[in-house]
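2 protein chains.
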Amino acid sequence: MSEIITPSILSGFMELLPEEQVLFDAIKSKIETKFQLYGYWPLDTPAIEKCEILFAKGGGETAKQVYRIDKGEHSHEQALRFDLTVPLARYVAQHTNELSFPFRRYHIAKVYRGERNQKGRYREFYQCDIDIIGRDTLSLINDAEIPAVIHQVFRSIGVSDAVFHINNRRLLNGMFEALKVEKNEEALRAIDKLAKIGEEAVAEMLAALGVSENSIKEIFEFIKPQKSNEVLIEMLDRKKAEWNNELFDIGVEELKEVYAKMQEFEVPRENIVLDLSITRGLDYYTGTVYETFLRNYEKLGSVCSGGRYDDLAKNFSKEHLPGVGISIGLTRLFYQLTQAEIIKPQKGDYISAIVLPMSSEDVSYSIKVVNELRRNNLHSLVYMEDGKVKKKFSYADNIGARYAIMIGGNERAENKISVKDLQFGTQDMMTVEEFIAKIN
Amino acid sequence: MSEIITPSILSGFMELLPEEQVLFDAIKSKIETKFQLYGYWPLDTPAIEKCEILFAKGGGETAKQVYRIDKGEHSHEQALRFDLTVPLARYVAQHTNELSFPFRRYHIAKVYRGERNQKGRYREFYQCDIDIIGRDTLSLINDAEIPAVIHQVFRSIGVSDAVFHINNRRLLNGMFEALKVEKNEEALRAIDKLAKIGEEAVAEMLAALGVSENSIKEIFEFIKPQKSNEVLIEMLDRKKAEWNNELFDIGVEELKEVYAKMQEFEVPRENIVLDLSITRGLDYYTGTVYETFLRNYEKLGSVCSGGRYDDLAKNFSKEHLPGVGISIGLTRLFYQLTQAEIIKPQKGDYISAIVLPMSSEDVSYSIKVVNELRRNNLHSLVYMEDGKVKKKFSYADNIGARYAIMIGGNERAENKISVKDLQFGTQDMMTVEEFIAKIN
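If you read the sequences in order, they're chains A and B.
In terms of my numbering, the first sequence opens at residue 1 and continues consecutively.
In terms of my numbering, the second sequence opens at residue 1 and continues consecutively.
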């Protein structure tokens with residue numbers, strides 16, 4: 001006999017038990033259903049891409065985290081994707097003439113990042129992305145529809161309401177112009193850290209970028225929370241007059257339009273927070289930016305973020321392809337929701353009925369019964385192993401079946417089934433048809 | 001401006017256009033629905049496993065094809081999975097005490113093999129597996145249920161009926177004992193090649209294994225097709241008396257029982273072929289073996305195969321874990337079905353309606369309309385870009401929308417919508433409610 005190897009998986013990878021997997025898949029399926037309802041098309045690209053594609057933008061931090069494939073010297077350099085955005089850019093550039101624009105796609109798939117090992121951070125995780133890509137132009141109204149999809153997604157998951165924190169990069173960059181801040185990319189990244197590291201630390205970072213003390217004060221005054229979106233909009237209108245900056249004016253009008261149209265798309269007003277401190281650290285966003293929090297679970301942090309970018313595929317195409325998109329990091333979200341016990345697997349959710357033949361003579365009749373249950377779309381099975389009745393019921397309990405159906409001599413003689421409700425403990429004899437009627 | 005990198009993917013990987021992807025996903029979803037209906041639990045393991053797990057059995061051909069991950073010297077040796085069976089074995093051994101046996105699981109996911117590049121062979125492909133794993137024992141009735149699931153899967157896909165070619169390894173090994181063939185593993189692999197290389201070549205292989213000319217003749221006589229399953233069973237019963245071999249007798253009785261029980265699970269008799277030439281080359285099968293062909297498309301070859309194995313996880317566990325399972329290679333099947341034009345994307349299948357505002361004044365009303373459509377679960381969207389009417393209709397056609405809904409001043413004034421049936425070309429004005437009633 002060969003040596004036993006201790007079974008284990010690599011650290012930083014999520015693997016679930018069956019009941020947990022059912023719960024995970026149910027959430028994933030609800031997300032997908034809403035993406036489809038809103039007219040986004042499915043996409044499924046290879047998990048492995050050429051390195052020249054993945055690192056077209058230049059490597060940086062990402063390159064260090066990437067899972068490279070070792071396929072011998074003569075093969076193309078290849079690696080596992082670290083997000084779904086680079087594959088989208090490559091796909092749209094490659095198939096520009098075969099696609100219809102605006103191209104609306106969703107993609108739910110695993111991505112890979114060799115991050116430092118820490119709780120709740122996974123090296124393999126699901127991203128659930130939607131994006132709308134235009135050719136040359138893309139209406140701002142798309143920016144307002146994206147959060148509406150996410151709003152419906154979280155409604156259907158049923159855990160909590162999504163609250164959208166919305167801002168606009170043009171508005172921030174206009175402010176920087178007005179305040180003579182030159183290194184605006186770096187300044188945006190500094191402000192992005194506000195919630196994490198606090199005002200003092202951000203002030204230091206801004207000072208290091210050469211921003212004057214007065215400007216820092218004005219920035220903090222500007223980005224601080226307001227009593228309401230309406231108060232904030234009034235403030236923005238006053239600043240328009242004060243700063244007289246074209247970029248700022250465009251940003252303000254865009255933000256107001258997205259805010260108005262989001263409500264037309266039925267995102268409730270109370271689920272929208274115009275939040276000038278939201279910047280999104282990533283450098284490709286150019287207009288609208290979103291972060292999403294769950295009401296009453298704000299401590300989980302942003303569960304979904306995205307925004308508007310000017311040119312998706314500039315490394316792969318001469319076409320101008322502006323877009324807007326958002327991404328849910330599902331694996332981490334699932335970890336957070338289960339850790340905080342906001343969701344947990346429910347017994348009786350997956351298997352409607354298990355048929356238990358009392359003896360081998362009852363097997364054929366049991367198979368007839370399960371055939372009928374399955375014809376009526378009930379998740380069901382026969383327990384086909386020999387053994388004591390107690391063992392059979394224990395299995396029925398362990399798999400969380402909703403009903404156990406016992407088949408013995410009496411049931412066969414009367415052409416009926418004995419149904420035990422495993423939730424309430426009651427037991428009745430009835431025909432299969434009666435059982436199906438009862439359960440439906 | 002940075003240099004443009006030509007967008008492309010690695011060879012041997014499948015990537016679909018959106019309409020094709022919808023078709024692929026529809027088939028995948030039908031497979032999953034049936035797996036769930038029959039009470040199999042979902043499983044989703046990491047795509048990356050430790051090499052010590054993947055190669056526990058010893059490397060061989062598989063090791064050469066594997067996609068290894070390059071993560072620096074100090075990390076565990078790791079690679080992408082090449083099937084879903086090794087991860088299942090590892091999972092069941094790792095979680096034995098947390099699972100209920102028989103453990104019924106399905107797994108639909110991508111696997112990776114660096115095969116020689118050829119048409120219709122993919123290096124990344126979906127496998128759709130079901131397996132039932134017992135602890136210590138597993139009833140033979142499970143062997144009969146597995147093809148019933150696959151029968152329903154192909155019924156629901158609607159392309160063709162699945163025809164199951166069934167055999168039993170014990171029966172073959174009993175025959176080898178009776179005929180004094182010693183190298184039975186090699187002999188099984190030779191017979192497995194019969195359909196591909198013909199009788200003469202297989203005879204040469206058997207002769208090389210030391211099988212006598214007479215025995216070779218008798219083997220071919222034994223495994224040749226019979227007029228009917230009933231004639232074949234009669235022949236087997238005669239051989240029982242002639243050969244008087246215990247293993248053979250067990251194999252024959254198992255095959256007869258699986259045949260009978262498959263029919264109880266409602267696999268039609270005409271969809272079952274007892275076929276003694278089916279051996280499955282792989283060495284871990286011990287009893288029942290299946291190959292599946294599509295009626296009228298037999299030239300596609302076997303689309304689904306599997307069988308009974310005695311001990312799933314012997315490399316990872318001291319427990320005795322017998323099982324039975326089957327696997328659909330979905331990516332290759334999809335390629336074959338589309339190449340042969342047996343299936344093709346249908347227009348009007350994915351987007352029920354697209355709302356076309358005639359001018360920017362019509363946008364808000366259009367959003368109200370699409371909100372209502374989506375509330376009624378119709379896949380729908382608003383075309384939000386500026387442009388001429390012709391361009392808007394051309395987009396509606398290109399995405400294969402079933403209906404185009406035009407919104408202009410008249411529609412707003414009357415609180416109605418103008419509906420154009422893009423399949424039949426007819427056009428009508430009606431309320432949103434009337435449209436929803438019409439489409440449902």
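Check the hints yourself; a few may be wrong.
One copy or two, either will do: identical chains are not told apart, so a pair holds if it fits within one copy or between any two.
[As the list claims (entries may be wrong)] Simulated crosslink set (DSS-like; lysine-lysine; CA at most 27 Å straight-line):
(1) Lys368 <-> Lys30
(2) Lys256 <-> Lys224
(3) Lys227 <-> Lys299
(4) Lys318 <-> Lys392
Don't read these hints as lab results, they were simulated from the structure.
Do the hints match the structure? See the list:
{"no.": "1", "hint": "Lys368 <-> Lys30", "result": "between (33 Å within a copy, 23 Å between copies)"}
{"no.": "2", "hint": "Lys256 <-> Lys224", "result": "within (18 Å within a copy, 78 Å between copies)"}
{"no.": "3", "hint": "Lys227 <-> Lys299", "result": "within (21 Å within a copy, 71 Å between copies)"}
{"no.": "4", "hint": "Lys318 <-> Lys392", "result": "between (66 Å within a copy, 24 Å between copies)"}
Hint compliance for this structure: no hint is broken.
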